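> One rule links them: number in the working numbering = place in the sequence shown (from 1) + 1316.
It cannot be assumed that every hint is accurate.
[Said to hold, decoys possible] FRET-style restraints, in silico, Cβ to Cβ:
no.	residue 1	residue 2	range
1	T1345	E1375	16 to 26 Å
2	E1375	K1351	22 to 32 Å
3	K1326	A1369	17 to 27 Å
4	C1321	P1383	13 to 23 Å
No lab work stands behind these hints: they were computed from the structure. No experiment lies behind these values; they were computed from the predicted model shown. Glycine residues also receive a C-beta, built at the ideal position from the N, C-alpha and C atoms.
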Amino acid sequence: MPVVCVYVWKGFSDIAKRKTIEGITKVFTDLGIPKEAVEVIIIEVPKESWGIAGLPASEKLREVSTP
């Protein structure tokens, strides 16, 4: 049974989460794994706790919005 953990910024919309879960599940079902065996865990992380190039994402990516 595959378990996939996906880290996203806090505030990821419910629609974006659903599309992510559906898309990842489809990848595995395309490989012949039953969808009932696929688990996807979405973990939200605040931008202040996510580092990119030595800076918090809240500073580095100020103009990038969360889907």
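> All the hints need checking, so say for each whether the structure fits it.
Now for the hints, and whether the structure bears them out:
1. T1345 - E1375: 16 to 26 Å: violated (39 Å)
2. E1375 - K1351: 22 to 32 Å: violated (39 Å)
3. K1326 - A1369: 17 to 27 Å: holds (20 Å)
4. C1321 - P1383: 13 to 23 Å: holds (18 Å)
Violated hints, in rising order: 1, 2; the structure is consistent with all others.
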